[in-house]
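K.L.:
Residues per chain are reported as follows:
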Amino acid sequence: MRKIQGIYKVASNEKLCPKFYRLCIDAQPIAKKVLPGQFIHIRTKDGFEPFFRRPFSVYRAKKHVEVFYEVVGPGTKIMSHMAKGDDIDVLGPLGTPFTFPPKGTKQVVMVAGGIGIAPFLMLSDVLCRERATALRGAELILLYGGRTRGHVYPMKEFKENGCQVHVATDDGSVGTKGRVSELFPKIHADRKTTFLYTCGPAPMMASVQAFAKKHGLHGEAACEEVMACALGACLGCSIKTTKGYKTVCCDGPVFDLHEVIFNH
Amino acid sequence: MNISVTIGSATFKNPVTVASGTFGHTEKYYDLEEVKQLGALTPKTVTLKAREGNPPPRIVETPSGMLNAIGIENPGADGFIRTKLPALKKIGIPLIISILGHTDNEFELLTEKFNAAGGVSALELNLSCPNLGKAVLVAQDPLATHRVVKAVKKISRYPVIAKLAPNVTDITEIAKAAEEAGADGVSLVNTFSAMVIDVKKRASVLGNVTGGLSGPAIRPMAVHMVYAAAKKIKIPIIAMGGIMAAEDALQFLIAGATMVAVGTANFINPRAPLDVLEGIKAYMRKNKIKDIKEIIGSLRN
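Chains as they are written, first to last, in the working numbering: chain A, 2 to 265; chain B, 176 to 476.
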């Protein structure tokens, strides 16, 4: 209880592009502990509407804990109106983080769809540091698919981390026209030296899984499901895997790419 | 101030527990010193054989509440006794073990397993899970309720509590059947059968199609059922149904409950059971109440 729950202050809340926002929370205890791929569980408001907390990947943890979000329902709508100095009730950090690519990896590819980009900035922060040591000489690539121009923002922090950024939009308004799978030719599909990470809608992650299977590539998928407790108690956020039902909140959100059954 | 309560031969240092299926991974996330303050812990229902649970999505948010159709995912009695019970016992507070048999004989076998395992304060018979695809629940039939409670009571070394369903015409009839069969207490109420439909897909949101509604949305109905049952039975009632704060718990105690279980609130505020306990004590201090028994069933009209 006390171990993981805190009331913190909102440090800033800004709209980055027509669809996406970034909320910064002054939460040092979380910023110090959180690992890439982990999440925080936010109560957007006192009272019972909306009823559940909302889980968010940590986008970045430097001075503040950052959350990257899209307004999709009542919870995120309330979040979009939060302002500097507001109190915010947060549980975290929670969940199983990403593992690092194995030694000898030469290309790390992050495949993100829409808001699925959320866990990857922090991952790229850590991978960027690793390039000085274990991942020396490795390429970092971000393949990003958004529906329209409104779902694309500059992603300059990724570029600062040395990531090559490639964008596809469904309507072709930015970058390559089509799904993110149009960008798969950028992947150097070598089973020993390429490592994949993916996060986004289930059909998109399924396409990454199929590509990886075809080429024998390893990787990890960060999954999403409606969550109640986020502490492994309610078993409400279970998804189907090759090893039976697993909770996204505790067993995940990060799973072996080949373990998740996306089309249940 | 005396806040201890008894159910059959079991004594609890205070009347606050958690509802089955709402509290887990104790060792990882909770401060054990805080957990130890509760009157009892009630872990998720255990079945004879392991169950993998229902297909996702398993939960959905509703106005002031939620639906769930988890489907009693659990490691089975042997798995639970081997992998979970030791850590639960180590916490050092009474354990109310929730069991569910698909037949009378399974209830008996489960009882025997926990008789042998030891370290349990009471058995709660889950006669009322709405998510297992049964046409009629045990707790919807007074004769079946009587039969199962009697069979378990005959062999259990622990007090036996029957957890009843709210989806009945007359809760008092079922509560009475449990009492007559020898139950030491009843738990009121399990979730209400319910569903939410996604109109875009014209499909039920839950993988199981229907689920059980819990949370503040059901509280007034649960309070009423506890009130109605308390007038008709003499055995203690463990009340649950949308308890989010101490005032909610007090409503149930005043209506006639002996204990209260905090359930869905754990998902929103992991400290809720402790907040409820502290709030009950504060209410007693403020109103100069020396014994919790002065509150139980103290409705003035």
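Check the hints yourself; a few may be wrong.
Claimed, not checked - Heads up, simulated DSBU-like pairs for lysine-lysine below, C-alpha to C-alpha not over 35 angstroms straight-line:
1. A:K247 x A:K78
2. A:K10 x B:K211
3. B:K376 x A:K215
To be verified - Short derived list, chain A residues pointing at chain B, Cβ under 8 angstroms:
4. Y9
5. F53
6. E226
7. V227
8. A234
9. G237
10. K241
11. T243
These aren't lab readings, by the way, just hints derived from the structure by calculation.
Positions of the beta carbon are idealized from the N, C-alpha and C atoms, including for glycine.
K.L.:
All the hints need checking, so say for each whether the structure fits it.
P.N.:
Here is how each hint holds up against the structure:
1. With a CA separation close to 29 angstroms, the supplied pair K247 (chain A) and K78 (chain A) stays within the 35 angstroms bound.
2. A hinted pair counts as satisfied when its Cα atoms are at most 35 angstroms apart, and K10 (chain A) with K211 (chain B) qualifies at roughly 31 angstroms.
3. The straight-line distance between the Cα atoms of K376 (chain B) and K215 (chain A) is roughly 32 angstroms, inside the 35 angstroms bound, and the hint therefore holds.
4. Checking Y9 (chain A) against chain B: minimum C-beta separation of about 16 angstroms lies over 8 angstroms; hint violated.
5. Interface restraint check for F53 (chain A): the shortest CB-CB distance to chain B comes to about 5 angstroms, inside 8 angstroms, so the restraint holds.
6. Of the supplied interface hints, the one on E226 (chain A) holds, with its beta-carbon coming within about 6 angstroms of a beta-carbon of chain B, less than 8 angstroms.
7. At a threshold of 8 angstroms, the smallest CB-CB gap from V227 (chain A) to chain B is about 6 angstroms, leaving the interface hint in force.
8. Checking A234 (chain A) against chain B: minimum C-beta separation of about 3 angstroms stays under 8 angstroms; hint holds.
9. For G237 (chain A), the shortest C-beta to C-beta distance to chain B is roughly 4 angstroms, which falls under 8 angstroms, so the interface hint holds.
10. The interface hint given for K241 (chain A) holds, since its Cβ lies 7 angstroms from the closest Cβ of chain B, which is under the 8 angstroms cut-off.
11. Residue-level restraint check for T243 (chain A) is violated (minimum Cβ-Cβ distance to chain B is 13 angstroms; threshold 8 angstroms).
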